[in-house]
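Visitor: Read off the chains here:
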Amino acid sequence: MQTNPPGSLPPKDYESIPGTYVFDGQRCRDGYALNMFCMSLAQESNREAMRADETAYLDQWDFTPEQRESIEKRQWLRMLQLGGNVYYTFKLAAYDGMTFRHLAAGMTGVTIEEFADMMTSGGRSIEGNRTTGGESNG
Amino acid sequence: MAEIIAGVGTSHVPAVGAAMDNGMTQDPIWAPYFDKVEPAREWIAKTKPDVCIIVYNDHASAFSLELIPTFVIGTAPSFIPADEGFGRRKVPTVQGHPDMAWHLAESLILAEFDMTIANKMDVDHGLTVPLSVMYNQPDEWPCKVIPLCVNVVQYPPPTGNRCFNLGRAIRAAVESFPGNERVVIFGTGGLSHQLQGERAGLINTEYDNAFLDRIVADPVAQSKISHTEYMREAGSEGIEMVMWLVMRGALDEHVDEIYRATHVPTSNTSNGLLILENSIN
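Order-wise, the sequence lines are chains X and W.
Under our numbering, the first residue of the first sequence is numbered 1, with each subsequent residue one higher.
Under our numbering, the first residue of the second sequence is numbered 139, with each subsequent residue one higher.
Each hint should be verified, as a subset may be incorrect.
Stated by the list, open to error - Now the in silico label distances, taken between C-beta atoms and shown as ranges: (1) Tyr-32/X - Tyr-397/W: 27 to 35 Å; (2) Pro-276/W - Thr-55/X: 44 to 52 Å; (3) Asp-96/X - Asp-252/W: 34 to 42 Å; (4) Glu-114/X - Val-358/W: 41 to 49 Å; (5) Asp-356/W - Ser-8/X: 26 to 34 Å; (6) Pro-5/X - Glu-141/W: 34 to 42 Å; (7) Glu-66/X - Asp-394/W: 49 to 57 Å; (8) Glu-66/X - Asp-277/W: 14 to 22 Å; (9) Glu-344/W - Glu-114/X: 33 to 41 Å; (10) Arg-74/X - Pro-166/W: 31 to 39 Å.
No lab work stands behind these hints: they were computed from the structure.
Here the structure is a predicted model, which is why all the values come from computation and not from measurement.
Glycine included, each C-beta is placed from N, C-alpha and C at the ideal position.
Could you build all of it, start to finish, from the sequences and the hints given here?
Guide: Now the structure itself:
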């Protein structure tokens, strides 16, 4: 049962889920500027400003150098590793005219067609994808 | 008194709304899903609830990382579909029920559920897609709506147990409302899906079917499931399934399963649809 004594936290057992970046407090802190930059692109006036001068637009945000590079190079998986949340990074993808399938393909290193084929044939199997540990991986 | 007459569980996949908005529901990829929706639409057309309480999550639309409320209740007279980057969905404005929403807010806070009160809030696909699923494309939504947002984007969401108990408190609050409204409560989101990381695209239909079985027959057991189990088995975004427990908590211990359908995939999601009524006997 998911309750804890007051003031305590359970171990981060979700860190053993492979290929998954659970958006916890640490990632929220790490990714705040990156995600809020993405959020800003929900407004058309900001999209126009970014289109007019991407460098100047990015200069307004307090990114780490790694985050800045991941945004400039559109490294979608690396953004998650640097604190990005997919609901936010999708706003940058949408700014680029991408669909969610483009973004998924970008994160998983396959083509859009390969990702679409995987979904229509039932998605990615849970078997072998439960944990990075040696036990009960399937 | 007002009463909760039924619960609806449904996924809230944005592509389902887009398929309807763009006239694609009879395309080969979409027709099999929309065929399964039809009996649910017939049920709600016959049931005609006055109010739908829709439990859903905002996806970085009304809220950002600036403020992350765990539970939000919408008390406004109306709610506009959010612009999620592609313009606002061309669906009717959602009409609220401020009298009942304020009654719920006050009742729930005094019952020790610390609700955030939203007097102005745009509603994203998490709320509008369930309306589209159930009511198709009317000129006006045929019910009043009380939006109830649950944070499931920032870890940790409220526990399943907390969601289930919130549902119980919502039922008590509705039944103390001095009106004769017939209310349907929606639990939305899920089923298994993962939108992020190298594991994106995960689907676990076996787990989804077991979840649906337990939501119907043993919700107390389901309310004990940990967040890590949801994320591991149903995908990082599959944790939305805790919101179905709010719906289930607002119903009787024993319910009749009126309708169930699943479809894999809609977009990148294992889609679930469930209608429950309190057992008559």
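Visitor: State for each hint whether it applies.
Guide: Okay, the hints, checked on the actual structure:
Between Tyr-32/X and Tyr-397/W the CB atoms are about 43 Å apart, so this pair departs from the stated range of 27 to 35 Å. A hinted range of 44 to 52 Å holds for the C-beta pair Pro-276/W and Thr-55/X, which are about 47 Å apart. Separated by about 39 Å at the C-beta atoms, Asp-96/X and Asp-252/W satisfy the suggested range of 34 to 42 Å. The supplied range of 41 to 49 Å is met by Glu-114/X and Val-358/W, whose beta-carbon atoms lie about 42 Å from each other.
Judged by the Cβ atoms, the range 26 to 34 Å given for Asp-356/W and Ser-8/X holds: they are separated by roughly 28 Å. At roughly 38 Å, the beta carbons of Pro-5/X and Glu-141/W sit within the given window of 34 to 42 Å. The given range of 49 to 57 Å is respected by Glu-66/X and Asp-394/W, whose C-beta atoms sit roughly 55 Å from each other. The hint said 14 to 22 Å for the Cβ distance between Glu-66/X and Asp-277/W, and at roughly 50 Å that hint is violated.
Between Glu-344/W and Glu-114/X the beta carbon distance is about 24 Å. The supplied range of 33 to 41 Å is therefore violated. Separated by about 32 Å at the C-beta atoms, Arg-74/X and Pro-166/W satisfy the suggested range of 31 to 39 Å.
This entry does not satisfy hints 1, 8, 9, going by the numbered hints stated previously.
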